[in-house]
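**Q** Chain residues, written in single-letter form:
2 protein chains.
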Amino acid sequence: MVVDWQTLAKEKRDSVNALIPKAWLLPSPVPPASEQRDVTGKYIQQFLSPAEIEITETDAVGIVKNTTSAKWKARDVAEAFCHRAALAHQMVNCLHEIFFDAAIADAQRLDEYYAKHGKPTGPLHGLPVSLKDQFHVKDVETTMGYVGWIGTFEGKKGLGKEKVFESEMVTELRNLGAILYCKTSVPHTLMAGETVNNIIGYTWNPKNRNLACGGSSGGEGALIGLKGSPVGFGTDIGGSIRIPAAFNGLFGIRPSSGRLPYEGMANSMDGQNSTLSVVGPLATSVGALKLVIKALLTQEPWLHDPLVAEIPWRDEQEQAVLDIVNASGGGQLAFGVSKSDGIVNCQPPVRRAIDIVVKTAEKLGHKVFEWNPPSHKRCLEIAFKTWFYDGGADVHAAFALSGEPMASQIKSSYGTLKDQFTASEIAANNVAKRAYQKEYMEYWNSTSKITGTGRPIDAVIAPLAPFAAARPDMYSYYGLSTWVNMVDYSAAVLPVTLVDKTIDVVDEGYQPLNEQDEKVHLAYDPELYDGAHVALQIVGRRFQEEKVLAITEILGDAWSRALRELGSSTPKHPLKHHANFL
Amino acid sequence: MVVDWQTLAKEKRDSVNALIPKAWLLPSPVPPASEQRDVTGKYIQQFLSPAEIEITETDAVGIVKNTTSAKWKARDVAEAFCHRAALAHQMVNCLHEIFFDAAIADAQRLDEYYAKHGKPTGPLHGLPVSLKDQFHVKDVETTMGYVGWIGTFEGKKGLGKEKVFESEMVTELRNLGAILYCKTSVPHTLMAGETVNNIIGYTWNPKNRNLACGGSSGGEGALIGLKGSPVGFGTDIGGSIRIPAAFNGLFGIRPSSGRLPYEGMANSMDGQNSTLSVVGPLATSVGALKLVIKALLTQEPWLHDPLVAEIPWRDEQEQAVLDIVNASGGGQLAFGVSKSDGIVNCQPPVRRAIDIVVKTAEKLGHKVFEWNPPSHKRCLEIAFKTWFYDGGADVHAAFALSGEPMASQIKSSYGTLKDQFTASEIAANNVAKRAYQKEYMEYWNSTSKITGTGRPIDAVIAPLAPFAAARPDMYSYYGLSTWVNMVDYSAAVLPVTLVDKTIDVVDEGYQPLNEQDEKVHLAYDPELYDGAHVALQIVGRRFQEEKVLAITEILGDAWSRALRELGSSTPKHPLKHHANFL
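These protein sequence lines are chains G and S, in that order. Going by UniProt numbering, the first sequence opens with residue 1, and the numbers climb by one from there. Going by UniProt numbering, the second sequence opens with residue 1, and the numbers climb by one from there.
Extracted from the complex, chain G is given alone in its bound form (with noise of 0.2 Å):
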């Protein structure tokens, strides 16, 4: 008997909310966005005792420190994760799968492992990691959002590998002591910054829930801005690492690709590989970023992972940002700055944002530089034919599987089945693409005849989103977070600011480049979007993790600074209070 897909839907969602422990049932619905806009912050908090928003609240460094120290056991830090999540989820529809118990059984062997030598595991001993929906890890399954992955391997069955094989970075986490406890949702075929499919419905962003929680690592952006998560491993192939983080206020990294183990993790268009989607971590703070990403690099990945360089974290290149900050009263970095791609330009919040981090480098003593490399609109095209080389070919076969229909944010690019390309087409894409990054590199070599430091621009100040968040079925342009694929440069978010609809007005009489442009313009609706979060990225070139983290550490630190002189009580809800900073 072929059951329908709605039917199939309908169980695998129950299924999983069915693991939610009663006690941990809502009340009652939350209400709509019109009467509850934001659901962080105090709201989540009248679920939570007093001793887990302490923990959830506390970011992964955190953690590890009272972990490791057996200040905090492994299993109340496991438990408060799991409520909250769970919490998380009942507002926002952010998971895919749960897994609570075996977290919890997990965190009590660690508990009784401390207590009987006496030392953590590992450094990440006790640290819940959520991990999008991507990740397979033994007992649970993996459906990337797809309806026919239901009760599958990747849409296969009798391979004997369903819920037993676990992709390398899962057993890396484990051994380094992190605590798996859920996966997170993500827009089928993982090709859209908005969070949509057929099993959860639709991700809202728990800030402003008129608004994307972003994708395709949505469900993490949304969890870890729920503080349901302390740190979660999205992946970004055009921005969806990063256009979550941001869209969540939250700090990220879209590594270079070959920098962290991307081993036996599903995909859409797997095999595909001129422009290769990367793992990496989203968190609260860049600290944790660097506590992870540092953690998994002591693994050697590179020993278990083709695709993986031998690079392992470089204590001194994070240093020598700090060397030089520091020679120089902290200052004398040099950046790029770029305000727009000459495509689309950003609405007025992200305006705002590049504004006050131009002039929070400024004051810092640090040197900005307008950024004017080599055409996007070449870069973009050349982009966007990576991920149509199969003419939508797995992607349909994915949905025949069920015969789901897909959401509209993905008909728009896949609706149609196209020709593949030939060889050769792919072969002289790849030719191009090759001759853009170099191109571009050596437009960013050519800096260091301006700089007056030295050196080339250490870092590009950019936007990822032309908006603070998209607006649901509204995610009109891609091209400012995908030319960091493109060029397959290390980028890490940098939260800014929230919205203010009376500081972040409409543009009146704007003229539009063109019409993605106007479709950005007029897509910005102050009333609406205030008080979504408005982030950044900052650029590096490939491989300079260490040093965009530094970076992004050093500027974040100086905004928030600058916030509490201004006297702003609570610098992550700096609204109206930053005003004359500007």
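It cannot be assumed that every hint is accurate.
If several chains are the same, the list does not tell them apart, and a pair holds so long as it fits within one copy or across any two.
Said to hold, decoys possible - In the BS3-like style, the derived pairs of lysine-lysine whose C-alpha atoms are separated by at most 30 Å in a straight line are:
{"#": "1", "residue 1": "22", "residue 2": "163"}
{"#": "2", "residue 1": "385", "residue 2": "438"}
{"#": "3", "residue 1": "156", "residue 2": "438"}
{"#": "4", "residue 1": "119", "residue 2": "449"}
{"#": "5", "residue 1": "385", "residue 2": "156"}
{"#": "6", "residue 1": "65", "residue 2": "116"}
What the hints contain is simulated information worked out from the structure, not anything from laboratory work.
Assemble chain S onto chain G, guided by the hints.
**A** Frame of chain G, contents of chain S only:
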């Protein structure tokens, strides 16, 4: 007026030969191989002065020691190598391009720099470096053996790059003080282990002119084998550095892709990026290989080539090998040994070379284990597909430019234009490749259980071809070199011995494994092969170039010492002298 390809080829050939100074022309043609099998050593020396012999028979390390201390003038060194290269070309057809005048002028400028500043320009000050004819060098053509590329830039006219554009590594070599003076022959398409094209004809093996010099970096192999160059660069997508190194008794290394800059080089099937061709050096000593790689990495090629990973030269990885050996009285590395891949067995001289190296390792106190990796048959099926993604379109287009015919060595594989792979088929092969690589690396990891050293195998001792050298048009099996490209490992060539017809007799009653194996078996003729070089490869993991070179040097030095102790007065010509070592 359309000029026929024969005329174009002859004009090109004549124009290059015309660049040989009259004084350096051979007084009479070289006798046939039946009379003068070996043109190395005493044969070529007869045309050189004692000073020229001294210079050209010094390895690259010795040369830079003299040139960077002004003991030798760069100009004298350049002239000596230009002279010897001119002789080599007349003997075996190993050059595509000659630019002795530019080289001597460059050397003169280096001498003037030294005279003025009292120091060398860089670590390669005055070192002649030969280049495979894929490198673009200012004022010089790149034909890659295609008649249709004559007078063009990679087959295209009017780009304005002809004779102007330089490959990235060329720039870096110049920065380091190297002297560029010739480009060496290749088989058209580069897809052969022999060197033949319609411009220069066939490049013969100088040590045994019955045999092929190897390919595709065959001109490099022949030229350096005749000591017409101390070190040169070739490329390797299936064995093309290692094969000519081995066939000419040289050291050479195929680095992992992304270690050295390939940027801006001509290629066949450019943009095929499942198996990347890599660039690496061939030379007369391991020290020379280290010298040039280390020097190039000081140029930070990752800032100039988008595909190079940021991995500087790591002295500590070399030192780690030496520390193990020193702590163990000379031994305690662990080797895998692969005598056959189960598809083809090696001819007697290669089997003897394996025995020599294994015994050498064991005598030093190292451990040697049988190597049983995942199926090489499966590996090669994946690897060979990557060479035929475009069905031969690129190759056919190159031949069509002039109407020239394919050499039989190429025709056998690319003769018929086939269907192109689709994007989905390429993606599936990429997935299969990654899965194989993962299995292979986990097999390697698993050997830590058997070595007793606490580490997995340090390197694998393996043949890189089933024969000492190929007989013309009889290179029937590439599997022994190509598996390394599939897993992207670092592999150095260790020259071991010479074919000795009195020891290396035919296997009577040999039962071939299959048709391929039978071809290899039947191709062995002790009389014809007598005196040919025999070499093996030492294979390390991805990006372990430092370790592989350290190990290759240790084994090579030990075997040379053993030969000396056995009373061989000429360790480079150990005929018969080592029989009692085995």
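**Q** Checking each numbered hint in turn, tell me which of them this model violates, lowest number first.
**A** Of the numbered hints, all hold.
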